[in-house]
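Participant: Heads up: the sequence shown begins at 12 in this note's numbering, then just goes up one per residue.
FYI, nobody ran anything at the bench for these hints, they're computed from the structure.
Zero decoy hints are in this set.
Computed list of lysine to aspartate or glutamate pairs in EDC-like fashion (alpha-carbon distance at most 16 Å, straight line):
1) K240 to D301
2) K240 to E313
3) K178 to D106
4) K178 to D220
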Amino acid sequence: MHRVSFPWRNTRLVVLALVVLSLFPNGPAFPKASAIAPPAPLAPATARQAPDDKSLKQETPADDPSTRTTKVIVDASDTATRTRLIAHGASLLVDYGTFSLWRVPVATAPAARQQTSLSGSATFDAIVLRDSVINTSVENPDSQVSRQQQRIDGEQFWLVQFVGPIKAEWLKTIEATGVHLVIYMPNHAYLVWGDDASLTRLEALAATDPVVQWTGPYHPEYRIAPPLKQAVPQRAASDMLDVTVQIYTTSATATTLDELKAFGGRIIRNPSEVLGFTNITLQVPAGQVDAIARRADVYNIEPYVAPTRLDEAQNQIMAGNLVRDPADNLVPSGPGYLQWLADNGFPTDPAAILWLMC
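Throw the hints in and build the complete structure from the sequences for me.
Facilitator: Shown next, in the form of structure tokens:
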């Protein structure tokens, strides 16, 4: 067979794609990506929107402006800026080698940020959730949360935020208290899992180690997806809702699954493990959503939306591009690539495709 020489490899790849499309005109009907597999662990920052500096400053107590501070990062090569920061009352928090983290007076920050080697943001003191922000620079930042979590003797979730970009040794120090790292949370924070004794040690560490900026509960309020929070009040307590519940996998997971199934709703997707979490999609009464979120090992509960077919095959059917196959079934017609390739001298036999890969 005469081999065609192509000046560019990209041309071969384009032709190969056209051949494949022509050989499979009907193609599989793919559902939406969210329906292909059980949901991976979604941090409560799913669909999160990072706050700007202004929104966080509004939450800062109305004290003497001269006492307010913020954080900035300085490139290690810019010794002049480091010197100026010290002269204006800034203090070094962490030296990372290639850069350093500083606490500077808010009054000094605007002028300091004009230096190209310096960057910073009030979001350094924020844990960003799906529909709210925990401003860890203020006292009791979660005091207004409607669904509160209390300390228990058994294991539960807890949040810990570090002073800045996290070092590996900081995580080891946290784990030494006996808690388990669960998942990263923006910004510079982790969700951890521990019993009362380990959380007590974590709180003691936070009181003495300056790199641990804040610790606090992972309230049930944070675990419910915003659309579900809006839907529940509009439904009767007995109405069944389709939800996906994500559970931190422990020895108690089987018990939690049994209790969820006991609500009597239809099991839409059987339990499956993903990255330390067990996911189950099922129907639960609207009146039980809060109770589910209050379970110690429930990390996330969100609405489940059944997938719909929105692929090219459906588009061709809706457009009326139909032909009858050998079995006299109506099927979408091919896109016409096969004839185009033949008209331009390209092979249309699947066995001849391999030469394009060389």
